[in-house]
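Asker: Sequence:
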Amino acid sequence: MTHKAPRIKSILNTCIIVPPDRKDASYARVFGATIKDIKGVSFDWRIYEPELEKQGNTSDCTCFSRLNCAEMVAKKAGVLDDDGNEFNLSELFLAVGSGTSPQGNNLKAPSEFFRKEGVVLKKFCDYSGVMLTDPAGTWNLRSIKYLAAKKNKRYLGGNWSWVKPTTELLKDALQYSPIQIAVGLDDKWNTADVVSAPVKYYGYHAITLVYIDEKDQYVVYDHYDKKYKTLAANYPILQAISYRDLVEGWRGNGVDDALFYNRMVGKLIILPERNGEVFRIFETYMQKVNFSCTDKPFWDLITKLWQINKVFLGVSNKDFDRLAKVAFANEGIKNAGSPITFGNTDCTYPLENFTIINN
25 MTHKAPRIKS ILNTCIIVPP DRKDASYARV FGATIKDIKG VSFDWRIYEP
75 ELEKQGNTSD CTCFSRLNCA EMVAKKAGVL DDDGNEFNLS ELFLAVGSGT
125 SPQGNNLKAP SEFFRKEGVV LKKFCDYSGV MLTDPAGTWN LRSIKYLAAK
175 KNKRYLGGNW SWVKPTTELL KDALQYSPIQ IAVGLDDKWN TADVVSAPVK
225 YYGYHAITLV YIDEKDQYVV YDHYDKKYKT LAANYPILQA ISYRDLVEGW
275 RGNGVDDALF YNRMVGKLII LPERNGEVFR IFETYMQKVN FSCTDKPFWD
325 LITKLWQINK VFLGVSNKDF DRLAKVAFAN EGIKNAGSPI TFGNTDCTYP
375 LENFTIINN
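Counting along the sequence shown from 1, when you hit position 19 you're at 43 in the numbering used here, and nothing is skipped either side.
Quick caveat, the hints were computed from the structure, so don't treat them as lab data. One should not assume that every hint holds.
The calculated DSS-like cross-link candidates involving lysine-lysine, where the alpha carbons are at most 30 Å apart (straight line), are [as the list claims (entries may be wrong)]:
1) K253 / K147
2) K132 / K174
3) K174 / K147
4) K169 / K78
5) K100 / K174
6) K250 / K146
7) K132 / K175
8) K60 / K291
9) K132 / K291
10) K250 / K169
11) K224 / K78
12) K174 / K250
13) K312 / K60
14) K175 / K140
15) K99 / K78
16) K169 / K99
17) K250 / K100
18) K253 / K212
19) K140 / K188
20) K251 / K146
21) K146 / K99
22) K132 / K169
Simulated restraints on C-beta separations [claimed, not checked]:
23) V289 / G108: 40 to 50 Å
24) N359 / E238: 45 to 55 Å
25) D211 / P43: 24 to 34 Å
26) N81 / K349: 54 to 64 Å
27) E110 / K358: 50 to 60 Å
28) L165 / N109: 22 to 32 Å
29) F306 / E110: 39 to 49 Å
Note that the Cβ used here is the ideal one computed from N, Cα and C, for glycine as well.
Taking the hints into account, I'd like the entire structure generated from these sequences.
Answerer: Take a look at the structure:
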């Protein structure tokens, strides 16, 4: 007789996967010039484990994993609350304030609420036992506790950025903070010593990545059952957020010109305001890139294949002048190299719909 494996509890299906907004910070874009290729193991955040609680049967996994990151960073930095204690922030306050529903929340909403509105200490807004075991039957109590706690001091969270979940970028980001990640789960989640990649997703869950070991396996803290788990090196991480501090005005506003230039090194930039002129940014100079095509359908095809709005970074004229200023302090702007042609090329089509760095 064969038995079907028990499905994971439905409460582990409360992380809602929402694509990043184009205006959100990208870790690779902001910190690209400083990213290191770290060989071997990553930094290990387990030694800074704060007082961690279980989320019970609530749908608040995105809030528990967000505050786990904040409390570990505070503990490493030796930062205490106003009472001189290690930080123990309120997941319940963050959950209600960020709009968590019985179906859960996405990764971005709690981080934005924490950054803009702040969170009180847990002692001012905590779950009762029955709220953890029967969240549906006590849902109204959440708002009551939240409103009563709003009069207390709030602690603001820092900035955040999306991390493309490659091993290289995750190891680099782990130097600065634990990483909040979203993963899909199957029946092996609570049964395997090393959890292999899911065959079929039965749910989505937000947890805290604290370490990458010598086999590039992911060691995560799961606040659902208050346990560390090891995920196989090929386990799909669907989304990841770093809490490394962003530079002041990371979108370009108020950033020192040299820092702004360093962020662009290695990238291709495009100037929509100049009919799609393209430049490649090197460490000590910029170089113009020329290309053209006489056949519009062919041009449409290659831009689609290249996903050209992901290859090029749109830059306004104002920001281009800032880049040029730094370039001319070194080797300047060089002319385009020898052309690579596709037959006779003498017609250029303008490029549109690119991300513009805001000023």
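Asker: Verify the CB-CB distance for D211 and P43 against the hinted window 24 to 34 Å.
Answerer: For P43 against D211, whose Cβ atoms are near 27 Å apart, the range 24 to 34 Å holds.
Asker: Under the criterion that the straight-line Cα-Cα distance not exceed 30 Å, is the pair K146, K99 satisfied?
Answerer: holds (16 Å)
Asker: If you draw a straight line from the CA of K312 to the CA of K60, is it 30 Å or shorter?
Answerer: holds (28 Å)
Asker: Straight-line Cα separation of K132 and K291 no greater than 30 Å?
Answerer: holds (26 Å)
Asker: Does the structure keep K174 and K147 at a Cα separation of 30 Å or less?
Answerer: holds (13 Å)
Asker: Please work out if K250 and K146 have their alpha carbons no farther apart than 30 Å.
Answerer: The hint holds at about 17 Å.
Asker: Do the alpha carbons of K132 and K175 lie within 30 Å of each other, as the hint requires?
Answerer: holds (25 Å)
Asker: Between K250 and K100, does the CA-CA distance stay at or below 30 Å?
Answerer: Since the Cα atoms of K250 and K100 sit roughly 20 Å apart, the hinted pair holds (cutoff 30 Å).
Asker: Using the C-beta atoms of N359 and E238, is the stated range 45 to 55 Å upheld?
Answerer: holds (48 Å)
Asker: For the pair L165 and N109, does the Cβ-Cβ distance stay inside 22 to 32 Å?
Answerer: At 26 Å between Cβs, range holds.
Asker: Please verify whether K169 and K78 have alpha carbons no more than 30 Å apart.
Answerer: Given pair K169, K78 holds - Cα atoms ~19 Å apart, limit 30 Å.
Asker: Could you grab the alpha-carbon distance between K174 and K250 and see if it respects the 30 Å cut-off?
Answerer: Holds - the C-alpha atoms of K250 and K174 are around 28 Å apart, at most 30 Å.
Of the numbered hints listed earlier, not one is contradicted by the structure.
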